[in-house]
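Single-letter residue listing:
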Amino acid sequence: MLMNRRVFLGATALVLAAPAAIGQAKPRLVVIGGGAGGGTVARYVARDGQGAVDVTLVEPNAIYHTCFFSNLYLGGVRSYDSLAHNYDRLVGDHGVRHVVDRAVGVDRDARVVTTAGGERIEYDHLVVSPGIDFVEGSVPGWTLDDAEMMPHAYKGGEQVRRLKSLVEAMPEGGVFGMVAPPNPYRCPPGPYERISMIATLLKAKNPTAKILIVDPKEKYSKQALFEEGWQRHYPGMITRIGPDFGGGSIEVRPAAGEFVVDGVVEKVDAACVIPAQRAGDIAAQAGLTNDAGWVPIDPANMRSLADTAITVLGDASQQGDMPKSGFSANSQAKVAANAILGELTGSRVFPAKYSNTCWSLIAPEDGVKVGASYEPTPEKIASVHSFISETGEDAMLRKATFEESLGWYAGITADIFS
Amino acid sequence: MRLFLAAFSISLLLGLEAQASEIGDRERGEQLFEVCAHCHEVGPGAVDGIGPHLNGIFGRRAGSVEDYEYSEGLARMGADGVVWTLETLDIYIENPRAFVSRTRMAFPGLDDPQDRADVLAYLRDFSDNPRDIPEAEPTARPERYAVAPEVLEIVGDREYGAYLSSECRTCHQESGASEGIPDITQWPTEHFVLAMHAYRDGVRPHPVMQMIASRLGDEEIAALAAYFATLGE
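Respectively, the protein sequence lines represent chains A and B.
Mapping to our numbering: the first sequence position 233 is 233, numbers consecutive.
Mapping to our numbering: the second sequence position 26 is 26, numbers consecutive.
What the hints contain is simulated information worked out from the structure, not anything from laboratory work.
Please note: incorrect hints may appear among the correct ones.
Stated by the list, open to error - Just the calculated beta-carbon pair ranges, DEER-fashion:
id, chain 1, residue 1, chain 2, residue 2, range
1, B, S178, A, Q223, 28 to 38 angstroms
2, A, V384, B, G176, 47 to 57 angstroms
3, A, I388, B, G59, 23 to 33 angstroms
Cβ coordinates follow ideal geometry from the N, Cα and C atoms, glycine included.
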């Protein structure tokens, strides 16, 4: 009996020792960026891997405000607080370690991420999902230092609040100006949904105000739907200057409150400047970007073409036919999570399927949508099947589309943060 | 009967092939309607009962009879723009659950296309302007809309379904919440498969669902059905 007992104790000691040894051997995934791409991939790898992978999320915000639906806040359709999400469930339920800090460096040879606070985090696989940054000098006269006076409000959060307060402070009959970005940029219908929501706000509080859009693009996403809706809901309020009338030649004077469009000075009482865009800074710092400022990826699994130990998701990637959107990033993250788990744990890897739908609100309860499914080809992520709302749809269908978008917001935020 | 014959001879004159899509025998339809009449009234003075009255059903938007409380699924179809026509009614009464998930219409459907055509010929008489309703839709309908038994018998690969379901979960919540977008958890496998095939074949209208379903194979639909049937149990 004594012998047996000692054997039993010995076995227990071995069992107790084992987790530590396994712990050290656990593959390590580090994710930079806690938005629709990074949050989703961290959640899926941690949860579906059932603890087999050590997941660290590097995201500087403890509370994350989604950029998608921020326009609805501008229009008074959503509260600011309803855009806020935290990482409590990723940490508490799925065992993700959240480093509340900004990633400032990637050493690809040593496989180490460094943070602004000086932490060094080793990885076996790295996901880079930093969203966008702006191309310096793309709007003459505007730098990031001017974002208080003329907000970009294109990364969600405080900038969006700032923009709303400026619009609300406009004098009666004043002019709101927007500089729209050149392609490619985050959320193709976003600037025009923003115009719609600001028009909603002005129609209620300052109905004689005008809106001026200066746009370097010939055409834009859902153009026919927006133009029809603007005519119906905000007749005479919105003017868009495209490249044929000088929209490609813009200079802004934030201190003076002026747009100079093709040499003509236009006074603006509040403005939003959305510059040209590129992958978030850390992607370039890691040496992953091409000349255009985006990260080329393998269409089959979102791996960087420069480094197979790195996956790049969402807006920062050069994603073929897919638009830069939260939906796209979330879709790519699930394909990537499956591929990463396969590599790190040997689990089954399935073929990539991508999809996207972008809902836009033209006026309260007047919703439209555009979407497509995608598949990888050797060259790019290619569109397979697409659809778009039609002009002339009745109010009941538009309301149903709006309500569907609320359901989507609840669904995707649960899919990222819960 | 006279109408039917007239239509038939016109199509012969025009050299058109007789199709299953031609509207049927209203007298036979009246007899068949006795089953429907347990729940639906039609004709002068018809009111809502267990189901809504069917006067003026042709051209009516789905889920639009005032004061009748529709299932969430049917109300959603109406909001999505479905209008009852010869074609949509034909699809619906063939297998109600394939066209409107979780409809309250507890009717297994009419397999025989002639039966459906006859019932619809009868109902057509109670529409506001029967003359304006075509004898047949301009495009030929499929002989019948159905999913083959061997497809319904496919046993889904649940693990593959779990992966594929991640695409659904962008909108449909695992928790079963259904605000704005329906709950699809713990759904009987056959209902799920029927619905997805109906989207894939374009008989159920919803652009996002048609887009998602369009590139799913039979095995993939079965895999998804297997996954969602037990999700959250």
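Comparing the hints with the structure gives:
1. S178/B <-> Q223/A: 28 to 38 angstroms: 33 angstroms, holds
2. V384/A <-> G176/B: 47 to 57 angstroms: Violated: the Cβ-Cβ distance is about 30 angstroms, outside 47 to 57 angstroms.
3. I388/A <-> G59/B: 23 to 33 angstroms: Holds: the Cβ-Cβ distance is about 26 angstroms, inside 23 to 33 angstroms.
Against the hints set out earlier in the document, a violation occurs for number 2 only.
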